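Asker: The primary structure of each chain is shown beneath.
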Amino acid sequence: RKEVEQDPGPFNVPEGATVAFNCTYSNSASQSFFWYRQDCRKEPKLLMSVYSSGNEDGRFTAQLNRASQYISLLIRDSKLSDSATYLCVVPPGGSYIPTFGRGTSLIVHP
Amino acid sequence: NAGVTQTPKFQVLKTGQSMTLQCAQDMNHNSMYWYRQDPGMGLRLIYYSASEGTTDKGEVPNGYNVSRLNKREFSLRLESAAPSQTSVYFCAGTSGGAAGTQYFGPGTRLTVL
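Residue numbers (the numbering used here), protein chains in the order written: chain A, 7 to 116; chain B, 103 to 215.
Note that these hints are calculated values from the structure, not bench results.
One or more hints might be untrue.
Derived DEER-like restraints, expressed as beta-carbon distance ranges [claimed, not checked]:
1) B:190 x A:86: 20 to 26 Å
2) A:83 x B:158: 40 to 46 Å
3) A:62 x B:175: 33 to 39 Å
None of these values were measured; they are calculated from a predicted model.
C-beta: ideal position from N, C-alpha, C; glycine also.
Chain B with its partners taken away, still in its complex shape:
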């Protein structure tokens, strides 16, 4: 039982490059989330998926897109990376409508030069 996994763990991009952050869970979570965490800013929600087949914007969606490929996988795409997107990205999942009970992946540390 791997829980919530994220790939890659680290990534360096140049401005304008694109990439996809992968997230997968084997905990049967209905809802999945993407957050970014910056120093002094706390966790900010980028996008979430309440259930398979649905996605919605969070607090800071600009510059990102997501895909809920199936119940297990929820990916985050940066189409044209900018230095302001340098951050630590966390994926999380939850079940049963208990939005406060979240299980996080280990994070992806992204630097955009």
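Next comes chain A alone, as it looks inside the complex:
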């Protein structure tokens, strides 16, 4: 099993839709989890962090399921500007080296 796995997509949704992505991880010692957003030909930017059960920021909600070892990102009321690739990051416990997933592509259409 790869350390961090994501469905590459693309997820193609209409404006206003709710969409969710999952990210599974293999290192049970990981304590913190992160979602990044990467626009085409741009650098990744931190979107949300998850340290316990979940985190919410406006239309975005991140959830952690330790028992099943996955995190999810829920986007409500999708906007055209949400079109991007969403990267899951899981630093192994105590490590300086974060492990990036390969990303999930989201396309929001009118």
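Since the structure of chain A is provided, determine the placement of chain B on it from the hints.
Answerer: This is chain B only, laid out in the frame that chain A set:
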């Protein structure tokens, strides 16, 4: 406050040429990283520096060297460029041991002919 900056933004090299990619940050990051990103491969760690004065290999170090010149600067050198090193290179920094909270530079797009 410029954040994390990288130079150059674009570069074309011929096979066998050498060059150094520069990265600087004014965010007081302790740790700095160099990644490459290729289509379908995601971000792969080349080298990292946990703190000033230390460097360590990442997942794909072959063909690269790094220097942590001071706390602000972390450079990546290609001694003899190969077409397989055509990629987008990102530098990133983080602080306080929170390896998942990374701030990236805008990237260098390198083509090796």
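Asker: Look at each hint and say if it fits the structure.
Answerer: Hints, verified against the model:
1. Evaluation of the 20 to 26 Å hint for residue 190 of chain B and residue 86 of chain A yields a pass: the beta carbon distance comes to about 25 Å.
2. Checking the proposed 40 to 46 Å range against residue 83 of chain A and residue 158 of chain B shows it holds: the Cβ atoms sit about 43 Å from each other.
3. For the hinted restraint 33 to 39 Å between residue 62 of chain A and residue 175 of chain B, the CB-CB distance of approximately 38 Å keeps it satisfied.
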